[in-house]
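For the record, the sequence lines run as chains S and Z.
Counting in this note's numbering, the first sequence runs from 1 upward without gaps.
Counting in this note's numbering, the second sequence runs from 154 upward without gaps.
Simulated from the structure, these hints should not be mistaken for laboratory data.
Be a bit skeptical, because a hint or two may be false.
Within a straight-line C-alpha distance of at most 25 Å, the following computed DSS-like cross-link-like pairs (lysine-lysine) qualify [said to hold, decoys possible]:
1. Lys-248(Z) / Lys-314(Z)
2. Lys-75(S) / Lys-227(Z)
3. Lys-147(S) / Lys-133(S)
4. Lys-67(S) / Lys-334(Z)
5. Lys-334(Z) / Lys-68(S)
6. Lys-302(Z) / Lys-75(S)
7. Lys-248(Z) / Lys-267(Z)
8. Lys-267(Z) / Lys-314(Z)
9. Lys-302(Z) / Lys-67(S)
10. Lys-227(Z) / Lys-124(S)
11. Lys-118(S) / Lys-493(Z)
12. Lys-335(Z) / Lys-67(S)
13. Lys-118(S) / Lys-227(Z)
Covered by chain S, according to a simulated footprint, are these stretches of chain Z (three or more residues, beta-carbon under 8 Å) [unchecked claim]:
14. 284-291
15. 340-352
16. 503-517
Among chain S residues calculated to face chain Z with C-beta under 10 Å, some are [as the list claims (entries may be wrong)]:
17. Lys-33
18. Ala-43
19. His-60
20. Thr-76
21. Arg-144
22. Lys-147
These numbers come from a predicted model, not from an experiment.
Note that the Cβ used here is the ideal one computed from N, Cα and C, for glycine as well.
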Amino acid sequence: MNSQRFRTLIILAVAVVFVMSLPVVTQQAQAHKAKHSPEQLKAFEDLFMEQVRIGDLLFHGDAATEKKMGTNLSKTGMACAMCHPFASDTHPYEFPKFQEQINKFSTLRDMINWCIEKPNEGEKLDPDSDAMKALEAYIYWSNRGSKLAPGTH
Amino acid sequence: MSRDRREWKTRDREREGSGTVPGMSRRTFISGALAAGAAAIGHGLIPGISIIDLAYGAESFSFAWISDTHLYPKTLNTRFVEKAERAINDVKNMKPAPDFLIFGGDLAQLGDPKELQLGAELLDQISIKKHFIPGEHDWYLDMGETWGKMFGKPPWTFDHKGIRFIGLDTVSRGPDYWTAKKMTPAERMGHMATLDGSVAGPWAGLGPEQLQWMAATLSNWPKDKPVIVFSHNPLYEYYPPWNFWVRDWRQVHEILRPYQHVTNIHGHTHQVLYNEIGSMRSIGMLATSWTWPYPPEGVPVLTIPMVRVDPGDQFDGVGWGKINVPSSGKVAYEYMMWRKDVYAQSQVDSGTGDNDNQVLSPRVADRP
Numbered sequence: 001m002n003s004q005r006f007r008t009l010i011i012l013a014v015a016v017v018f019v020m021s022l023p024v025v026t027q028q029a030q031a032h033k034a035k036h037s038p039e040q041l042k043a044f045e046d047l048f049m050e051q052v053r054i055g056d057l058l059f060h061g062d063a064a065t066e067k068k069m070g071t072n073l074s075k076t077g078m079a080c081a082m083c084h085p086f087a088s089d090t091h092p093y094e095f096p097k098f099q100e101q102i103n104k105f106s107t108l109r110d111m112i113n114w115c116i117e118k119p120n121e122g123e124k125l126d127p128d129s130d131a132m133k134a135l136e137a138y139i140y141w142s143n144r145g146s147k148l149a150p151g152t153h
Numbered sequence: 154m155s156r157d158r159r160e161w162k163t164r165d166r167e168r169e170g171s172g173t174v175p176g177m178s179r180r181t182f183i184s185g186a187l188a189a190g191a192a193a194i195g196h197g198l199i200p201g202i203s204i205i206d207l208a209y210g211a212e213s214f215s216f217a218w219i220s221d222t223h224l225y226p227k228t229l230n231t232r233f234v235e236k237a238e239r240a241i242n243d244v245k246n247m248k249p250a251p252d253f254l255i256f257g258g259d260l261a262q263l264g265d266p267k268e269l270q271l272g273a274e275l276l277d278q279i280s281i282k283k284h285f286i287p288g289e290h291d292w293y294l295d296m297g298e299t300w301g302k303m304f305g306k307p308p309w310t311f312d313h314k315g316i317r318f319i320g321l322d323t324v325s326r327g328p329d330y331w332t333a334k335k336m337t338p339a340e341r342m343g344h345m346a347t348l349d350g351s352v353a354g355p356w357a358g359l360g361p362e363q364l365q366w367m368a369a370t371l372s373n374w375p376k377d378k379p380v381i382v383f384s385h386n387p388l389y390e391y392y393p394p395w396n397f398w399v400r401d402w403r404q405v406h407e408i409l410r411p412y413q414h415v416t417n418i419h420g421h422t423h424q425v426l427y428n429e430i431g432s433m434r435s436i437g438m439l440a441t442s443w444t445w446p447y448p449p450e451g452v453p454v455l456t457i458p459m460v461r462v463d464p465g466d467q468f469d470g471v472g473w474g475k476i477n478v479p480s481s482g483k484v485a486y487e488y489m490m491w492r493k494d495v496y497a498q499s500q501v502d503s504g505t506g507d508n509d510n511q512v513l514s515p516r517v518a519d520r521p
């Protein structure tokens, strides 16, 4: 076996080992390789509804949840639900869209932060924070019967 | 075609002056035409005028309505104080002065004596006679103790220039949701102060004793003479999940049905609202504090929706009310909203514009 051939075999062997190791390295990036079990689906739903509950409490100005999440959503006593009972008039199904008061093409998260900063005079959230995701979960869940109508006003 | 779109078509015809349409009374037609006209002229502070028949008023006069100030202590929130002060100044500057002021409930946000005291001090600047009815926010911290000491306890009645006035208590008879759960007064108040909460349940109502009182109070009043009833909550079934009703509205209507000219003026809904049921007209007044959105269903067909409110302007969509009773016997009510246009001219700019595609669910976090 000449050296060229030997080097090729070594490269192939390394590649095979690398590919075989991928499921271990990237395990959490994979999905749908196996059928979902009812227990798994229940776990997903429970996780989602827990976020909805946290968002509901934040949306209604619950002080204990605010403390736990490290947020300060209002300095005026106003809570989101005071203008949006049942998350009404949040119309998450219309986003993304041009939002007049922000004067740019905006997402629901942009609008949530605008409401926190302006009417509530609170401290805006990191758009990727757990509190923002929970608020988003509650608003979407509350409006889940509505039709998607992105870009509308 | 959705219900909302049907309504907008109806309203378009109404505004074009093509006459009355099925389900719309002439009275409401006048109301709508005047409202649109007033808005177009741009009266500024007096943009929305609606007229309802109220015959047999002996002498012309006016009275003012302020409600739903929802005051926090000044240290927490100055915006609500500023808006209450603006309404109070407007009433003070009315020329000629109104005969009296009705305060329609929810003076405080959390029933705190400090909040109620602040409200009393602000309203003291108005020197005309004042009559008070409570809202749920005024009551459930100490079960009306402070309110009763400061403003007296309803119901009450008086006659003025040919009209019998009645002030109701629609808030104090909620079901006991606190004893079994050993809630503190602040916790009890917190649930009551959450409009879309489920814990306080169907708290709005008159109760059997007050119904009897109202029937007795009206028993010596001629059936063809006008009656004006003040209540915090609307006296019909509008949207029960937010207590936009009284739970015993059927009994209320039974008592009022024989009277030919009944007007109910109410707060709590924080929005432009109008309805007619039998001989009773129902007028929802503005809050000074903030607007509630129209609920996803139940908005009376006779309501011409208010404009979509700008949440960046704290004075938008809120205000107070002026009721004129001219000697002709027609009562005119005016939404003293601090903006030029009160009524929406198109669905996209309407406070009910979202209802077409808005399906909502009650919240989850306060369920057992």
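Hint check:
As the CA atoms of Lys-248(Z) and Lys-314(Z) are separated by approximately 19 Å, the hinted pair is consistent with the 25 Å bound. For the hint pairing Lys-75(S) with Lys-227(Z), the CA-to-CA distance comes to about 12 Å; that is within 25 Å, so the pair holds. Our distance criterion of 25 Å between C-alpha atoms is met by Lys-147(S) and Lys-133(S), whose separation comes to about 21 Å. With a C-alpha separation of about 24 Å, the suggested pairing of Lys-67(S) with Lys-334(Z) holds against the 25 Å cut-off.
With a C-alpha separation of about 24 Å, the suggested pair Lys-334(Z) and Lys-68(S) falls inside the 25 Å cut-off, and the hint holds. For the given pair, Lys-302(Z) sits about 31 Å from Lys-75(S) by alpha-carbon distance, which is inconsistent with the 25 Å threshold. A distance of roughly 32 Å separates the Cα atoms of Lys-248(Z) and Lys-267(Z); the hinted pair therefore is violated under the 25 Å criterion. A threshold of 25 Å between alpha carbons decides the hint, and for Lys-267(Z) with Lys-314(Z) the separation of about 36 Å lies outside it, so the pair is violated.
With a C-alpha separation of about 37 Å, the suggested pair Lys-302(Z) and Lys-67(S) falls outside the 25 Å cut-off, and the hint is violated. Simply put, Lys-227(Z) and Lys-124(S) have alpha-carbon atoms about 24 Å apart, close enough for the 25 Å limit, and the pair holds. A C-alpha spacing of about 23 Å is found between Lys-118(S) and Lys-493(Z), which places the hinted pair at or below 25 Å, so the restraint holds. Of the supplied pair hints, the one linking Lys-335(Z) and Lys-67(S) holds, its CA atoms being roughly 24 Å apart against a limit of 25 Å.
Distance check on the hinted pair: Lys-118(S) and Lys-227(Z) sit about 19 Å apart at the alpha-carbon level, within 25 Å; holds. For the region 284-291 of chain Z, the assignment as covered by chain S is violated, since 0 residues bring a beta-carbon within under 8 Å of that chain's beta-carbons and 3 are needed. With 4 residues carrying a beta carbon less than 8 Å from a beta carbon of chain S, the region 340-352 of chain Z meets the three-residue requirement, and the given coverage holds. Residues of the region 503-517 of chain Z with a Cβ under 8 Å from some Cβ of chain S number 9, which satisfies the need for three, so the listed coverage holds.
A least Cβ separation of about 33 Å between Lys-33(S) and chain Z goes past the 10 Å threshold, and the interface hint is therefore violated. Interface restraint check for Ala-43(S): the shortest CB-CB distance to chain Z comes to about 18 Å, outside 10 Å, so the restraint is violated. A least Cβ separation of about 6 Å between His-60(S) and chain Z falls short of the 10 Å threshold, and the interface hint therefore holds. For the restraint placing Thr-76(S) at the interface with chain Z, the shortest Cβ-Cβ distance is roughly 5 Å, inside the 10 Å limit, so the hint holds.
Because the smallest distance between the Cβ of Arg-144(S) and any Cβ of chain Z comes to about 7 Å, under 10 Å, the interface hint for this residue holds. For Lys-147(S), the interface hint holds, since its Cβ comes within 10 Å of a Cβ in chain Z; the closest pair sits about 5 Å apart.
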